[in-house]
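Residue numbers (our numbering), protein chains in the order written: chain A, 190 to 778; chain B, 190 to 778.
There's no promise every hint is true.
When chains are identical, the list treats them as one kind, so a pair holds in a single copy or across two.
To be verified - DSSO-like mimics (lysine-lysine), calculated; alpha carbons at most 27 Å apart, straight line:
| id | residue 1 | residue 2 |
| --- | --- | --- |
| 1 | Lys-485 | Lys-401 |
| 2 | Lys-389 | Lys-401 |
| 3 | Lys-485 | Lys-392 |
| 4 | Lys-726 | Lys-674 |
| 5 | Lys-674 | Lys-389 |
| 6 | Lys-726 | Lys-586 |
| 7 | Lys-485 | Lys-674 |
| 8 | Lys-389 | Lys-485 |
| 9 | Lys-389 | Lys-586 |
| 10 | Lys-392 | Lys-674 |
| 11 | Lys-401 | Lys-674 |
For the record, the hints were derived by calculation from the structure and aren't laboratory data.
Listed below are the residues making up each chain.
2 protein chains.
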Amino acid sequence: MAMTLARHLPILDWGARYDRATFTSDLMAGVVVTIMLIPQSLAYATLAGLPPQMGLYASIAPLIAYAIFGTSRAMAVGPVAVVSLMTASAASRIAAPGSPLYIHAALALALMSGVMMLAMGLLRMGALAKLLSNPVVNGFTMASSVIIAASQIGPLIGVTTSGQTLSVIGRTFVGHFASFNPRTAILGLGALAFLFWVRKGLKPLLLALGLKDPAAGLVAKAGPVLAITATTLAVRVFGLSAVGVATVGRVPTGLPPWTPPPAAGPVWLQMAPPALFISIIGFVSSISVAQALAAKRRQRIEPSQELVGLGVANIASALTGGFPITGGFARSVVNFDAGAETPAAGAITAVGLAVAAVAFTPLLYFLPIATLSATIIVAVLSLVDFRELAWVWRYSKRDFAAMAATMILTVTVGVEVGLGAGVVLSILLYLQRSSQPHAAIVGQVPGTQHFRNVDRLDVITSPEVLTLRIDESLSFTNAQWLEGKVLEAIVDQPTVRHVVLMCSAVNHIDSSALESLVALTRALTEAGVTLHLSEVKGVVMDPLRRSSLMESLTGRVFLTQYDAFRTLAPGVCDSRAPELAENIAGDGI
Amino acid sequence: MAMTLARHLPILDWGARYDRATFTSDLMAGVVVTIMLIPQSLAYATLAGLPPQMGLYASIAPLIAYAIFGTSRAMAVGPVAVVSLMTASAASRIAAPGSPLYIHAALALALMSGVMMLAMGLLRMGALAKLLSNPVVNGFTMASSVIIAASQIGPLIGVTTSGQTLSVIGRTFVGHFASFNPRTAILGLGALAFLFWVRKGLKPLLLALGLKDPAAGLVAKAGPVLAITATTLAVRVFGLSAVGVATVGRVPTGLPPWTPPPAAGPVWLQMAPPALFISIIGFVSSISVAQALAAKRRQRIEPSQELVGLGVANIASALTGGFPITGGFARSVVNFDAGAETPAAGAITAVGLAVAAVAFTPLLYFLPIATLSATIIVAVLSLVDFRELAWVWRYSKRDFAAMAATMILTVTVGVEVGLGAGVVLSILLYLQRSSQPHAAIVGQVPGTQHFRNVDRLDVITSPEVLTLRIDESLSFTNAQWLEGKVLEAIVDQPTVRHVVLMCSAVNHIDSSALESLVALTRALTEAGVTLHLSEVKGVVMDPLRRSSLMESLTGRVFLTQYDAFRTLAPGVCDSRAPELAENIAGDGI
Numbered sequence: 190m191a192m193t194l195a196r197h198l199p200i201l202d203w204g205a206r207y208d209r210a211t212f213t214s215d216l217m218a219g220v221v222v223t224i225m226l227i228p229q230s231l232a233y234a235t236l237a238g239l240p241p242q243m244g245l246y247a248s249i250a251p252l253i254a255y256a257i258f259g260t261s262r263a264m265a266v267g268p269v270a271v272v273s274l275m276t277a278s279a280a281s282r283i284a285a286p287g288s289p290l291y292i293h294a295a296l297a298l299a300l301m302s303g304v305m306m307l308a309m310g311l312l313r314m315g316a317l318a319k320l321l322s323n324p325v326v327n328g329f330t331m332a333s334s335v336i337i338a339a340s341q342i343g344p345l346i347g348v349t350t351s352g353q354t355l356s357v358i359g360r361t362f363v364g365h366f367a368s369f370n371p372r373t374a375i376l377g378l379g380a381l382a383f384l385f386w387v388r389k390g391l392k393p394l395l396l397a398l399g400l401k402d403p404a405a406g407l408v409a410k411a412g413p414v415l416a417i418t419a420t421t422l423a424v425r426v427f428g429l430s431a432v433g434v435a436t437v438g439r440v441p442t443g444l445p446p447w448t449p450p451p452a453a454g455p456v457w458l459q460m461a462p463p464a465l466f467i468s469i470i471g472f473v474s475s476i477s478v479a480q481a482l483a484a485k486r487r488q489r490i491e492p493s494q495e496l497v498g499l500g501v502a503n504i505a506s507a508l509t510g511g512f513p514i515t516g517g518f519a520r521s522v523v524n525f526d527a528g529a530e531t532p533a534a535g536a537i538t539a540v541g542l543a544v545a546a547v548a549f550t551p552l553l554y555f556l557p558i559a560t561l562s563a564t565i566i567v568a569v570l571s572l573v574d575f576r577e578l579a580w581v582w583r584y585s586k587r588d589f590a591a592m593a594a595t596m597i598l599t600v601t602v603g604v605e606v607g608l609g610a611g612v613v614l615s616i617l618l619y620l621q622r623s624s625q626p627h628a629a630i631v632g633q634v635p636g637t638q639h640f641r642n643v644d645r646l647d648v649i650t651s652p653e654v655l656t657l658r659i660d661e662s663l664s665f666t667n668a669q670w671l672e673g674k675v676l677e678a679i680v681d682q683p684t685v686r687h688v689v690l691m692c693s694a695v696n697h698i699d700s701s702a703l704e705s706l707v708a709l710t711r712a713l714t715e716a717g718v719t720l721h722l723s724e725v726k727g728v729v730m731d732p733l734r735r736s737s738l739m740e741s742l743t744g745r746v747f748l749t750q751y752d753a754f755r756t757l758a759p760g761v762c763d764s765r766a767p768e769l770a771e772n773i774a775g776d777g778i
Numbered sequence: 190m191a192m193t194l195a196r197h198l199p200i201l202d203w204g205a206r207y208d209r210a211t212f213t214s215d216l217m218a219g220v221v222v223t224i225m226l227i228p229q230s231l232a233y234a235t236l237a238g239l240p241p242q243m244g245l246y247a248s249i250a251p252l253i254a255y256a257i258f259g260t261s262r263a264m265a266v267g268p269v270a271v272v273s274l275m276t277a278s279a280a281s282r283i284a285a286p287g288s289p290l291y292i293h294a295a296l297a298l299a300l301m302s303g304v305m306m307l308a309m310g311l312l313r314m315g316a317l318a319k320l321l322s323n324p325v326v327n328g329f330t331m332a333s334s335v336i337i338a339a340s341q342i343g344p345l346i347g348v349t350t351s352g353q354t355l356s357v358i359g360r361t362f363v364g365h366f367a368s369f370n371p372r373t374a375i376l377g378l379g380a381l382a383f384l385f386w387v388r389k390g391l392k393p394l395l396l397a398l399g400l401k402d403p404a405a406g407l408v409a410k411a412g413p414v415l416a417i418t419a420t421t422l423a424v425r426v427f428g429l430s431a432v433g434v435a436t437v438g439r440v441p442t443g444l445p446p447w448t449p450p451p452a453a454g455p456v457w458l459q460m461a462p463p464a465l466f467i468s469i470i471g472f473v474s475s476i477s478v479a480q481a482l483a484a485k486r487r488q489r490i491e492p493s494q495e496l497v498g499l500g501v502a503n504i505a506s507a508l509t510g511g512f513p514i515t516g517g518f519a520r521s522v523v524n525f526d527a528g529a530e531t532p533a534a535g536a537i538t539a540v541g542l543a544v545a546a547v548a549f550t551p552l553l554y555f556l557p558i559a560t561l562s563a564t565i566i567v568a569v570l571s572l573v574d575f576r577e578l579a580w581v582w583r584y585s586k587r588d589f590a591a592m593a594a595t596m597i598l599t600v601t602v603g604v605e606v607g608l609g610a611g612v613v614l615s616i617l618l619y620l621q622r623s624s625q626p627h628a629a630i631v632g633q634v635p636g637t638q639h640f641r642n643v644d645r646l647d648v649i650t651s652p653e654v655l656t657l658r659i660d661e662s663l664s665f666t667n668a669q670w671l672e673g674k675v676l677e678a679i680v681d682q683p684t685v686r687h688v689v690l691m692c693s694a695v696n697h698i699d700s701s702a703l704e705s706l707v708a709l710t711r712a713l714t715e716a717g718v719t720l721h722l723s724e725v726k727g728v729v730m731d732p733l734r735r736s737s738l739m740e741s742l743t744g745r746v747f748l749t750q751y752d753a754f755r756t757l758a759p760g761v762c763d764s765r766a767p768e769l770a771e772n773i774a775g776d777g778i
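Isolated chain A, as found in the complex:
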């Protein structure tokens, strides 16, 4: 019972052993992530088309909820770029960004995706996330990053843009180009250049100045805070907001407000499909970060409990004026590198953000929107790596097709269509692959009991015995293929009296394939040919024993292919090979 409770409340596990040393580590990590998360939470709220304080709200209660229910020790949750884009895409379909209905939609998305994650976690349906292949997730992330970066070019130079596809963003950019503001552009491009330099140049500089390595890396992460401080001061000192430089403006001061879930309405129905997409993408990107970090310390991640943690965190976000959140890659790595040992680091970050929400919001009045855009651009461009495209192309054309389709549709049509099409396409390509399996006619390698492809090696075959090695499990996707393949083979070789299907690589046979095998048996019988099986695995043989195939099978099931060949073609088989087969007990390979 205690075990079960700890499984559902991981805090009971690590909390019981919490000590001062762990706290010191967690405190350090919590502070570093706070400094990193303040500008990010403001920026991603803006990206989602929401008031900046919602970014702060989404980084307080959810972090505490995740600290209690999450399994990853180093995961830092909060608003992330891709999910913010998806939120904007879904909410802007029913309302104008920033309007009450729009905010209502964002809250609904957080609540529904939270409930969906929680339900999937409790029902142990984390496996649904497996429908997303890496090429689809990576293609989607890259395409989303490109859209996000493009959407921020306008704000960076004072031009208002809108939309979540490249063409809409481009069109509004051209349409509003008259609002171009040179002062905004100087601030924005300056911040952008500074942030890019911070990524590459600040750490080496700090090292040269005598700072030690982990510290130098962590201080460098404060770059965005530096950019924000400098540009905010510039606006304040030079009175730039009076001459057209857009700023964040008044941000309400105080802790996140209790936001009871709004009454059911048409908004809920409209937001359900995007909420599902958000929960799946949120989970998939989060779990991969969590697993990568856990592996480094030989810790375990329980995917279903991870869904529970993220689900409760999103529900907490919705109830405290936030929007959909998930585990962030960059901030989790920072958290890990800064020494986070338990989810308490996240709770400390939450406290930091709460302090910011209570005390620092007036300071944000003169913060230029352009600086937030620069922060976003630098963050998302780190997710784009076109070398990914190159190696996937080299490795698998099929996977590349799924990736390219996802990217193109995401950029041109939208995030949901792109992601949905990618999932469907990768499943279809997967089925297509299994529907066109590899199979080889094999013969005996002289002097051994091994059987190999007749096309690759000089092997012993019999004109009367045809052995086909099937390199795929048999299922409805390829049931007809096998039938066709065998029937063609006996048409090509009319002397054949026995067909042996060598099943060493067959991991399961479904009922469609079973019917096809029964039909094949009949067809072969009518053609005067006997069908045998060899090297059938135990897990495959067990259900076959209960099936009608055993009644209609005219031939035998041989333990090994060598047994089959020696029995069916005694005159041809090379029996010099030692009688290994006799030594082996058990059934199947």
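Using the hints provided, position chain B relative to the given structure of chain A.
Frame of chain A; chain B shown alone:
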């Protein structure tokens, strides 16, 4: 060129060798099928909610088109029960049965499903049909048959019913029960009893009367014609149509009318999804009949060309006042048994139907609708075999789930939802199976080079070398599973220094699984463990050589598992086994 043309026009192939003997065989079969098809074509048109002559029209031009373009020698195409039900289901969604708009919808369905089949055939996309597993197709066919039989109970006794789900049919049956007509019921139930007797009792009787076997069987197929003649005469002689027995009434006399495709309109858009379902179900049921019959004579069926044949046949149906058609199981078997040797038998049937359309339609005036209902009930009940449910349940719970869901949803919600849900569910179950593969820790069987499951046999293992045999191809569905499995295994066995993945049953590795393997390599390296592969097949190894795995792999790729064990655990490995591995050239198993 000639070869290519013959591939697209199979008539050129068999037509060139056509002779008098073949014609005699085809003529016999053509006549038998004509006699069988006249009542069926009228009945299925009624089932589809269309005027009876449309059934005749759908059995003339399409048969000629199929004779030219189809590849099956014995296939008899025309209206079939399930496709007629699907036509009724789709068309009745936008119009009242029999209305001009309804007929327009039926023509649109035939044209669109024809164009879709033709396109799939020309693009060699017949593989799409593989998305339908046998449990789904069989479940759908059985459920449709139950609906069809239920829908004909009313007309059988004079009660008008409507709808394509059991609840609607039942409700209208109760609502219209006042129209119950005892005379109709006597005719209908009499015809039904006679037809059931014909199936079981007529052939033995004919044999007892001295008829030889194939002839007796074929004459027995004329049962429906006998029932039609007898009941029509009864209506005529006793003046039953004046006392409420519904009859076919006036059927226009003449050849099928040229029906140009109607202009594009909203109907087309609404009929597109059902047309896709019809083309897929039509193709799947047709191809399985064609393959079964072809196998008996060692002939080949080209699925893509079969799609072309059925596509052109459906287009021909739409252009000559017909509705969607496909290959029928019962009539194709009759055609085959009656000796059909080429598709010319189908053309002869078409001529027979054309003669009927020109000369016999006045005779149909007094044909009772109840007799047609009896014909339909007897025909569809032969498709229902609940033993199918029993064996699928015994063999595979997964397949049974797909079958049961298809049946329940088809009967309760409708044909398209049922079929769609069945397809989606069987794909999800398929992915789920591959996402939870079987894997075994293996050890050396003493005195051999074989490696078996440590749980099944007493085998040699080393505390430092862990060998995992993976019984599934690696893909995005199970990429994370493998990573988790290996990492858990080394957590359980802390002495492990080498992990060997035995890949004899791995038939492909996609890029998601590749990334996972690379991540696994890194995680193992950080844990001080080396990762090796063994028995990687040639087809899997080729792309791996081009991948980043080869750079990050800390261990080796061994040709055989025995090589791996002997190299990594020389002190433990039983080397008495003969050195077979050395004799084998080539790469992979």
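Tested hints:
no., hint, verdict
1, Lys-485 with Lys-401, "within (22 Å within a copy, 80 Å between copies)"
2, Lys-389 with Lys-401, "within (17 Å within a copy, 93 Å between copies)"
3, Lys-485 with Lys-392, "within (24 Å within a copy, 76 Å between copies)"
4, Lys-726 with Lys-674, "both (22 Å within a copy, 21 Å between copies)"
5, Lys-674 with Lys-389, "neither (58 Å within a copy, 38 Å between copies)"
6, Lys-726 with Lys-586, "between (32 Å within a copy, 19 Å between copies)"
7, Lys-485 with Lys-674, "between (47 Å within a copy, 16 Å between copies)"
8, Lys-389 with Lys-485, "within (25 Å within a copy, 72 Å between copies)"
9, Lys-389 with Lys-586, "neither (34 Å within a copy, 57 Å between copies)"
10, Lys-392 with Lys-674, "neither (62 Å within a copy, 38 Å between copies)"
11, Lys-401 with Lys-674, "neither (66 Å within a copy, 38 Å between copies)"
Of the numbered hints listed earlier, those contradicted by the structure are 5, 9, 10 and 11.
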